[in-house]
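As you go down the protein sequences, you meet chains D and C in turn. Under the working numbering, the first sequence has 170 at position 170, and the numbering climbs by one with no breaks. Under the working numbering, the second sequence has 472 at position 472, and the numbering climbs by one with no breaks.
Keep in mind that the hints were calculated from the coordinates and are not lab data.
Capping the alpha-carbon separation at 35 angstroms, the derived lysine-lysine pairs in DSBU-like fashion look like this:
#1 359(C) to 34(D)
#2 97(C) to 353(C)
#3 83(D) to 353(C)
#4 353(C) to 34(D)
#5 97(C) to 359(C)
#6 255(D) to 83(D)
#7 34(D) to 361(C)
#8 359(C) to 255(D)
#9 97(C) to 25(C)
#10 361(C) to 83(D)
#11 34(D) to 83(D)
#12 359(C) to 83(D)
#13 34(D) to 255(D)
#14 97(C) to 361(C)
A few chain C residues facing chain D, derived, Cβ under 8 angstroms:
#15 164
#16 201
#17 209
#18 265
#19 396
#20 400
#21 407
#22 414
Note that CB positions come from ideal geometry on N, CA and C, so glycine has one too.
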Amino acid sequence: MSLSNLFDGINAPFLAAGLVLYISAVISGEWYFKAPGERVRFRVLVAAASAGSIGILSSGNWLLFVFFLEILTLSLWSMISMKEPRAALVYLLSQLAAAGLILVGTAGVYAHTGSLAIGPVPEPWRVFFMAGFGIKAAFPLLHFWLPEAHGKAPSPASALLSGFAVKTGILGLIRAFPEPFAPLVLIGTVMAFFGAFMAVFPRDIKRVLAYSTMSHLGFMTAAVGAGSGEIAAAYAFSHAMIKGNLFISAGIVEKTFGTRDIFALRGSGRLHFAAVAALTAGAFFAAGLPGTASYLLKNSVISSLGHTAPWWQPFMLTAAGMMAAGYLLNITAPLFFRDNSKNGTPKHEEGGNIIFAVLSVTILLLVIAADSFFPSILHAFRVDTGFTPASDKLEAFIASAAAGLIILLARLRLKGIPEQGLPDIKICLSMDEGPLYAFNRVSGCCHPGRLNTFVFVALVFLVLLMLTL
Amino acid sequence: MTLVLAIVVPLVAAFLIPVFHLARKTLPVSLIGIMGLISLSASMAAAYAGWFSPEVSLLGGWAPEIGIVLVADRLSSAFLLITGIGSGAALACALEKFGGGPWRFYAIFFLLLGSMNGILLTGDLFNLFVFYEIFSVAAYLLVAFSMSWQALEAGLKYLVLGTIGALFILLGTAFTFMATGILNMALLSEALVSVPRETLTAISACLVLGLTIKTGAFPVHFWLPDAHSSAQTAVSALLSGVLVKVSIYALMRVCFLFFLETNGTVFLAITVIGSLSALGGHLMALRQDDIKRLLAYSTVAQIGYILIGVGCASAAGAAAAVFHSFNHMLMKMGLFIAAGNVSDEKGTREICKLTGLWKEKPFWVLGFTVLSAAIVGIPPLNGFMSKWFIILSSAGAGTVIPALVIAAGTVISAAYYLRVLSAFVSPGESDQEDPFKSSPRKVRSKIVSLTIVGSFAMFCLALGIMAFSPFSREYFSSIGRTAVDVGAYVGLVTGR
Numbered sequence: 001m002s003l004s005n006l007f008d009g010i011n012a013p014f015l016a017a018g019l020v021l022y023i024s025a026v027i028s029g030e031w032y033f034k035a036p037g038e039r040v041r042f043r044v045l046v047a048a049a050s051a052g053s054i055g056i057l058s059s060g061n062w063l064l065f066v067f068f069l070e071i072l073t074l075s076l077w078s079m080i081s082m083k084e085p086r087a088a089l090v091y092l093l094s095q096l097a098a099a100g101l102i103l104v105g106t107a108g109v110y111a112h113t114g115s116l117a118i119g120p121v122p123e124p125w126r127v128f129f130m131a132g133f134g135i136k137a138a139f140p141l142l143h144f145w146l147p148e149a150h151g152k153a154p155s156p157a158s159a160l161l162s163g164f165a166v167k168t169g170i171l172g173l174i175r176a177f178p179e180p181f182a183p184l185v186l187i188g189t190v191m192a193f194f195g196a197f198m199a200v201f202p203r204d205i206k207r208v209l210a211y212s213t214m215s216h217l218g219f220m221t222a223a224v225g226a227g228s229g230e231i232a233a234a235y236a237f238s239h240a241m242i243k244g245n246l247f248i249s250a251g252i253v254e255k256t257f258g259t260r261d262i263f264a265l266r267g268s269g270r271l272h273f274a275a276v277a278a279l280t281a282g283a284f285f286a287a288g289l290p291g292t293a294s295y296l297l298k299n300s301v302i303s304s305l306g307h308t309a310p311w312w313q314p315f316m317l318t319a320a321g322m323m324a325a326g327y328l329l330n331i332t333a334p335l336f337f338r339d340n341s342k343n344g345t346p347k348h349e350e351g352g353n354i355i356f357a358v359l360s361v362t363i364l365l366l367v368i369a370a371d372s373f374f375p376s377i378l379h380a381f382r383v384d385t386g387f388t389p390a391s392d393k394l395e396a397f398i399a400s401a402a403a404g405l406i407i408l409l410a411r412l413r414l415k416g417i418p419e420q421g422l423p424d425i426k427i428c429l430s431m432d433e434g435p436l437y438a439f440n441r442v443s444g445c446c447h448p449g450r451l452n453t454f455v456f457v458a459l460v461f462l463v464l465l466m467l468t469l
Numbered sequence: 001m002t003l004v005l006a007i008v009v010p011l012v013a014a015f016l017i018p019v020f021h022l023a024r025k026t027l028p029v030s031l032i033g034i035m036g037l038i039s040l041s042a043s044m045a046a047a048y049a050g051w052f053s054p055e056v057s058l059l060g061g062w063a064p065e066i067g068i069v070l071v072a073d074r075l076s077s078a079f080l081l082i083t084g085i086g087s088g089a090a091l092a093c094a095l096e097k098f099g100g101g102p103w104r105f106y107a108i109f110f111l112l113l114g115s116m117n118g119i120l121l122t123g124d125l126f127n128l129f130v131f132y133e134i135f136s137v138a139a140y141l142l143v144a145f146s147m148s149w150q151a152l153e154a155g156l157k158y159l160v161l162g163t164i165g166a167l168f169i170l171l172g173t174a175f176t177f178m179a180t181g182i183l184n185m186a187l188l189s190e191a192l193v194s195v196p197r198e199t200l201t202a203i204s205a206c207l208v209l210g211l212t213i214k215t216g217a218f219p220v221h222f223w224l225p226d227a228h229s230s231a232q233t234a235v236s237a238l239l240s241g242v243l244v245k246v247s248i249y250a251l252m253r254v255c256f257l258f259f260l261e262t263n264g265t266v267f268l269a270i271t272v273i274g275s276l277s278a279l280g281g282h283l284m285a286l287r288q289d290d291i292k293r294l295l296a297y298s299t300v301a302q303i304g305y306i307l308i309g310v311g312c313a314s315a316a317g318a319a320a321a322v323f324h325s326f327n328h329m330l331m332k333m334g335l336f337i338a339a340g341n342v343s344d345e346k347g348t349r350e351i352c353k354l355t356g357l358w359k360e361k362p363f364w365v366l367g368f369t370v371l372s373a374a375i376v377g378i379p380p381l382n383g384f385m386s387k388w389f390i391i392l393s394s395a396g397a398g399t400v401i402p403a404l405v406i407a408a409g410t411v412i413s414a415a416y417y418l419r420v421l422s423a424f425v426s427p428g429e430s431d432q433e434d435p436f437k438s439s440p441r442k443v444r445s446k447i448v449s450l451t452i453v454g455s456f457a458m459f460c461l462a463l464g465i466m467a468f469s470p471f472s473r474e475y476f477s478s479i480g481r482t483a484v485d486v487g488a489y490v491g492l493v494t495g496r
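Make the full structure from the sequences, and use the hints.
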């Protein structure tokens with residue numbers, strides 16, 4: 001463990017992202033939480049989380065990496081449980097499972113190589129790191145916790161979750177798989193498309209942003225799989241800034257109008273521009289319009305796949321990038337272009353929002369600057385690829401058209417879809433349903449409490465021992 | 001001589017208490033306290049002697065073949081330390097709760113202490129069985145001591161099921177004697193090499209089954225939750241924290257000495273039992289509504305972890321098992337004392353009724369929180385490190401499934417401990433109901449118990465951080481190396 005690791009090439013963007021996010025989370029937390037007790041609790045938790053983050057970035061071995069990951073997890077769990085204990089529980093348990101898997105993998109690597117140092121993982125243990133960091137980075141099917149936690153956490157905590165906590169999964173993947181690794185590209189492309197697709201449907205702003213995070217993580221995973229960790233790190237920085245802005249400004253919108261439902265917020269931008277300005281500006285940058293860092297980075301990811309990738313991989317990534325514009329339009333356009341006067345004006349609370357709007361925009365400025373922060377990394381790709389969105393212009397056009405079609409179809413029948421969007425996989429952690437319920441029933445049979453049962457079990461056990469020993 | 005004293009002093013105390021009782025109906029607390037201190041210093045002296053230079057005591061000067069041998073090496077010293085700290089804490093809690101009144105309780109307690117030291121120090125298989133019998137009878141009586149019907153039923157169940165366990169230990173001992181004609185463990189470890197394969201199978205099956213029943217591992221754990229949850233707080237803590245560790249020691253000692261070189265599959269069986277135990281214990285703890293039963297099932301699971309460490313059949317695994325035994329003693333004793341005290345005060349053990357405690361008793365809840373975080377394995381507490389060492393040794397032994405079971409266990413245990421903690425911090429009935437309701441019955445403040453819980457929690461934190469330093473890791477690995485070094489043990493006892 002050494003502080004010099006903090007400024008290592010890959011860690012530096014994560015450190016910069018963490019620095020900006022933690023400061024903005026503290027500032028916005030001061031405004032977001034009204035009760036003094038909550039404010040103090042949030043400050044303490046942010047301090048703990050930032051200590052954990054510094055630990056993660058400065059640790060030189062996997063054990064310490066997991067150690068600090070767990071500290072970060074615990075502080076974020078406590079932050080989420082300030083608002084939604086249920087979602088917080090799901091978050092905590094999934095992250096503990098991830099940490100457990102990484103620990104098992106680390107133990108295996110140690111048994112294999114005799115070293116705990118962070119570095120490439122040898123073959124039989126890769127699956128544990130994939131699964132562990134896969135939960136952290138919300139791989140498809142392992143992502144069950146993400147929409148819940150991101151959507152329901154207090155907004156400053158969502159910003160930290162989406163901005164930094166999930167990026168630790170990407171950081172781990174970069175460290176564990178420095179060489180090109182095809183399964184990650186596959187997972188990444190599927191994930192980017194799946195996240196973008198799921199983000200089209202919900203009406204809850206924060207849920208859209210949560211799925212959008214998943215989509216962007218897919219881009220980063222694909223970059224890691226293609227062996228370009230630097231692009232993934234730069235992408236992580238830019239995405240952290242954008243999501244920090246979007247979640248904090250979604251919090252402002254929620255506090256100002258009392259709802260996150262885009263139907264109820266129709267026309268609110270006309271009433272109170274300052275409250276929605278930051279959200280809109282953030283969405284503009286997140287959508288990956290030309291000239292933003294997002295645009296540049298998405299193209300770099302697609303180019304980094306190279307010419308050997310199957311045709312559908314760049315295609316899906318391009319479509320996912322285009323769909324980002326669609327779903328962000330979905331949550332921002334109604335703020336201005338729909339008249340809500342028939343349903344009565346939304347709840348409207350005047351307050352010192354301007355400062356926070358300004359804060360969010362400042363973060364955005366940093367995003368634009370990110371373009372110039374990492375010129376050396378991106379330079380090669382600019383020259384090589386000449387900025388085509390995909391390897392082939394026609395393909396890019398078809399991908400964009402497909403994305404547009406999906407958005408259009410979704411827009412047409414948006415009314416029939418529940419507020420939380422399409423049904424998603426959920427691991428039920430309650431005792432009344434899901435796998436735990438089944439275990440519960442089975443384990444109920446394991447303790448009958450009768451003497452003859454005990455004697456029977458003991459004798460069967462004896463016979464088994466006799467047979468095996 | 002020190003080794004003999006560790007057994008004799010508590011036994012003398014156990015016989016003196018009834019004598020004092022003839023003179024005075026209620027014994028002074030200080031008298032029992034002093035007896036406890038003297039007994040525990042005798043144990044600690046034996047532990048100290050054994051730690052720095054392995055010590056053998058041939059009783060009556062007889063040779064190891066025919067006489068009784070007491071042996072103290074680093075493994076037994078480590079467990080002597082565990083039982084010493086644990087019994088001291090349990091005695092302090094009992095003294096605070098009962099005062100000097102129930103002389104029978106203290107007589108049985110000292111009997112138990114003496115027999116535990118006997119199990120930890122003996123170098124003779126039959127002696128092990130004899131001490132086990134004293135130990136078990138004392139434990140049955142302590143469980144049934146409160147004389148409520150639940151306690152009597154649990155005590156009876158423990159008696160019957162424990163006797164079945166003892167029967168198998170005796171059978172194993174008898175088979176061993178029939179096959180070799182000796183009972184000294186050091187000599188047996190050499191003699192068993194030439195025993196026919198089938199006989200060895202019978203011996204190992206009986207001994208492993210008997211000792212597994214005594215440890216309370218999963219398929220034969222039926223007695224444990226009843227006994228641990230129905231007893232008095234101090235006894236529950238003693239049972240879960242100390243008594244099962246003594247059985248773990250016996251299992252480790254017997255298996256490492258007898259089967260490490262002769263029958264390696266025993267360790268595979270122990271690994272399987274451990275994994276089943278960890279999974280089964282956690283899953284059953286998840287469905288408990290009674291806080292002490294939940295803790296008891298959690299003990300089943302933690303025993304599973306320790307057995308996984310033992311099953312690695314390596315120095316690293318043994319060290320991890322001892323480290324986790326020590327940690328589990330601290331964590332589970334603290335949890336039982338905290339849970340017992342808050343549930344006594346609330347008059348119920350149902351988790352959903354233990355509400356509002358954060359307002360009423362913040363220190364107890366704080367202690368419980370730290371200890372449960374430790375047992376779940378949250379860094380930087382000791383549970384994280386001991387689980388890591390077990391996972392590490394399991395992966396080192398080439399088995400991944402037990403390590404995955406431990407990882408899954410962390411998640412399940414977090415779920416059920418959070419359920420308890422969320423009940424503790426949720427607003428209590430007094431916040432919602434009418435203020436004119438009669439106040440709950442006044443209970444004497446339990447400053448000693450609270451101090452024990454607090455210091456155990458601090459200890460957990462300190463151990464978790466210490467485990468990172470190579471210096472303290474070296475201490476624990478030396479225990480593991482002692483445990484698997486059969487040659488050194490044999491040389492120590494036979495003087496060769």
